[in-house]
Each structure stands twice: as C-alpha cells, then as structure tokens.
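Novice: Position chain R against the provided structure of chain Z, taking the given hints into account.
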Amino acid sequence: MNWNSFINPMRMVFSGGPTRFVMPTLAFEIQPHFVAGARLDSSRHVVRRLGMRELEANTVAPLPNGPNIANLENLRLALRGVSEVIGNGGGRLGLLLPDGSVRTAILSFETLPDDPRQVDTLVRWRMKEYLAYPSDEAKVSYQILWRDAGGVGVMVLAAKQSLLAEYTDALGLKNGGPELILPATAALLPLLPDADQLLVHVCSGWVTTTVTAARRLALWRTKAVDGLPDDLANQVGAEVTRVLASCRDHLHVEPEKVWLCARGTGVSPVSGHGQDAHTPELAPILAGLISKEVTPLASEPKWAEALPAAEQTVFQSVGAPFAGLLANAR
Amino acid sequence: MKISVNLATMSSPRDRYALAWALPLTLAGAIGLVMLSYAAVRNYREYEKMRKQISALSLQKEHLFNKENVLKKELERPQEKTVYRKVQYVNGLIEKKRFSLTQVTESVNKLLPPTVRLSSMALTHAKEATESTQVRFIVVGKSEEALEAFLSNLEESPDFQEFTVSTQGFRHSDAPGAGVTISCMASYVGHRAE
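Protein chains in written order, with the numbering used here: chain Z, 1 to 330; chain R, 1001 to 1194.
For the record, the hints were derived by calculation from the structure and aren't laboratory data.
Each residue gets a CB set at the ideal place from its N, CA and C atoms; glycine is no exception.
Take a look, some chain Z residues computed to stay more than 10 Å from chain R by CB distance:
1) R80
2) P113
3) P116
4) R124
5) E129
6) G153
7) Q235
8) A287
With a Cα cut of at most 25 Å, we get these calculated DSS-like pairs of lysine-lysine:
9) R:K1081 with R:K1067
10) R:K1002 with Z:K257
11) Z:K302 with R:K1002
12) Z:K139 with R:K1002
Pair by pair, the computed Cβ-Cβ distance ranges are:
13) Z:E256 with R:A1020: 49 to 59 Å
14) R:A1020 with Z:N58: 37 to 47 Å
15) R:S1004 with Z:P284: 29 to 39 Å
16) R:L1023 with Z:R76: 28 to 38 Å
17) Z:E129 with R:L1033: 51 to 61 Å
18) Z:A224 with R:L1019: 36 to 46 Å
19) Z:K128 with R:W1021: 30 to 40 Å
20) R:L1023 with Z:D120: 31 to 41 Å
Just chain Z, same shape as in the assembly (with noise of 0.2 Å):
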C-alpha cells in the first residue's frame, strides 16, 4: 500500500507546507509611484472601497536583492492615508508587491517527486540561476502550470525574505504578516482570457511581459524601463518585439491578442524622469511600434459597481490588480 499519498498531506498541513492562494478581504498594493489599497468582497465578487496615494521619488525602489525601502516613514504615510479611505477592519491581508522585487521563473522539470520537501529542494536548486543571493534566503511559491507525458511545467514566484520582512514591517502590522503576497503581474493573469495571449504591463518604470500559449503561461519577463515619457513607450515596443520574436522562435507560438495594462504616473525609480505611463495613451503608441493591435486590459464594469463615483475612475487607473484577485477567486 502506498502511505504517501495520505502522508505527504498530512505532512503539508501541519508542517505548513507551501502557501497556497488565499482571497483577501484587504489588499494593498505598493508600488515606486503609489501605493494602492481596496477592500474585497469575495462573495459578492466586487470591490468595496478603493484608496490610493502617490510616493514621493525614491521611497520604494524595488530590486530583488537588496534593501527596496528608502523612505519608511513617507511609505508608512501613504499606506495610512489609504487605510483611512478602506479601513482596517479586521480580515485576511493581501499584499501586491512590484514585480521587480520578485523573481518569477517558468521551469520544466522531466518528472517531480511526490514529497513536497523534495520538490521545494529541487525548485530551489533550479532557481539559484535566476537568484543574486543564496536560495535559502528567498521565499519560493509554486505552481504546477502542466504536467502531461513531456514533462512538468512549474511557475516559480521567488523574494528574499528580508525584502517580503520589509513590506510587511512597512504595514505595521501587530500580530502576524499578510496571508497573500504576489507581485502585481500575477494577479493580472486571472483576468486574461483562455487563449494565446500576450500580457504587457507597464508600471513605475518596469515592465513585465507574459506570454500564455494553450492555456499554459509559457513566459514571463520582467525588465526596468528608464528614460523620458516618450522613450518609454519606445522601450516598451522595444520590449514587446523581442518578446514575440521569441515567441515565434523558440515556443512556436503566435499571441492572438497583445494586452497592455499601464498604470502609475510619478518619477522612474532609475533615472528620476518624469514618466506617465496610462493604458489609453500608451496602447496606440504601442499598437504602431509592433504592428499589432493592442488591447488595452480593462477591468469588467461589475468589479467596480459597489464603488463611490470617485474612487470609480481610481479603479479604472490602478485597481486591474485587485479586480484580477477576485476574478480569480470567483
């Protein structure tokens, strides 16, 4: 008789196991220009309150490695400032981090072993390429994206655990941390639909592109964009094309549809140039650089219903994210 399949569970759930998936009732997102919080409701599948405040140049600087915090007590303030729009009643935390403070990584393994130590071994081992620091140092997450006769295929979310420390620290919390950590590109997936599809998302000075092919995210690819408003979309079509090209050379696939979700305005964390980075005025530009239609990835009506008229056209600048949290949950 095999014990494994009733042990390694048994295991997983008193020994804490990997962290799955858990719906927030708060979220905030942090970001170099802003700082973004809503309050969710999950079972009616809409946001309740929405908050946002903008940071001051060189409060938040993310890097994977290394200290992203420069500025506390202006970080400390806008998150203030956007509990009092939400709240900060009691319930289960999440928090969006910028996509350059984590390392995220598609891996394929030939087969994986049924013990999830043995698998959290084996994913850490694989991801020392992609980490500037020992592996031991990071926090990994994954997820199994396939798993057929040609192997495994596994989404590997990685951050040091001084840096994650660091956030939360940053929300002053008392008694624990958040119960949901991503960085905020990985809760835009949800929102995509099933098909072959490129992601573009542009925020506070990096980009992150993904690519889905069978229903299966195939890439991911996080790159700072530094430069002048009118360079920047420059760096993005840039981006964009390389991303394609290699799509069509190594995966075989051609994307049906680019989708851009842009959002923060403020001072590139790089270079300390204005930037102003907005899905309507960037999707044209976009459009022209890469010779394809660009649709711009706009959050469905009903997220936003419960909202206040006001905090309305703040959904539709920065909360996709937190649309793309319930979306999955639904």
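Specialist: Positioned in the frame of chain Z, the structure of chain R alone reads:
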C-alpha cells in the same frame, strides 16, 4: 488563468494553536504529575509494608528451618534411633493386642447365611502397623446361591476390605449332606473402627 501561488508565510496549525493550547496542556500536565507523584508515594508505602512483612516471614522461615535441622540431627543420633525402633515395636504390640480372633470369628459368622458354615479360618499379621491383617477362610454352603449371598454380605461388610476369592470357581463336595466349598481372603479392618 487561475493562480495558486503565494509568497506569504503561512503559520502552520502547530504555530497557530501552540499558544492557545499551552495553558490547558500545562495544567493537564501538572495535574498528571501530581497524580503520578501521589500514586508513586502510595505504591512506595505499600511496597515498604509488604517488604517488612516478607522480611518477618523470612526470619520466621529461617528460624523454623534451623529448628527442623536441630531436630533432624537429634533424631539421627544412635540412641534416638534405638528409641524410635523401640517405639515402633511397642506400637506393633499394641496393635496386635487390640486384635481379637473371637471378634473376627464373630464378624464372619454374622455374614454367614443359615445354609453356610465356616469350615476353617487363618490369620496373617501385618509386618507394619499401617498394614491390615489378612484373614483367610473356607466356607461351605448347601447351594451356590447361599455362597453367593455370603460373598455379597462379605463385600458389603465394613469390617472387611480387599475381598478376593482364592479358588477359581465352585467346588462340589462328594460327602453326603455337604454343599459347595469356597476359599477366600480379605483384609480385616473391624478392630480399627473401634
């Protein structure tokens, strides 16, 4: 595409409930410890009591054993052995004196039916006091039925035990008026009952 990843550190049930369970478990542990201590003390006292009793019995046993040895040694002395033989001899004489031939004859006569008569009787004294006296007698009956009645009486008599017929079958006498003769032997225990 649904996601199931999460970089948050979830506390395990062990971590979450450790504090909540700490106080009741400590209390339960303390109660258990007190009960165990109480049981241990009680068991120790019981053990001490039993040990003392066993010790006293061992001393008594040893004392009796020594006494037995002394008595054995005394009995094994030559003069004591002589006394023992003399006592045995006296006991044998007493046994013989208690035995009465008339009484035996009377006991046999009581068992004889009217048509059966005692022809002869012999006694064999026992060598040891514990052994029974053997009585051998020959009876003559007018008929086989009369002898069978005698044998039946003999068997049921409390004065005689271990009854055996010496002759193998019945024998008819040629003399006129004579019947059937039988020779038998039995242990006489009538004098013991007195």
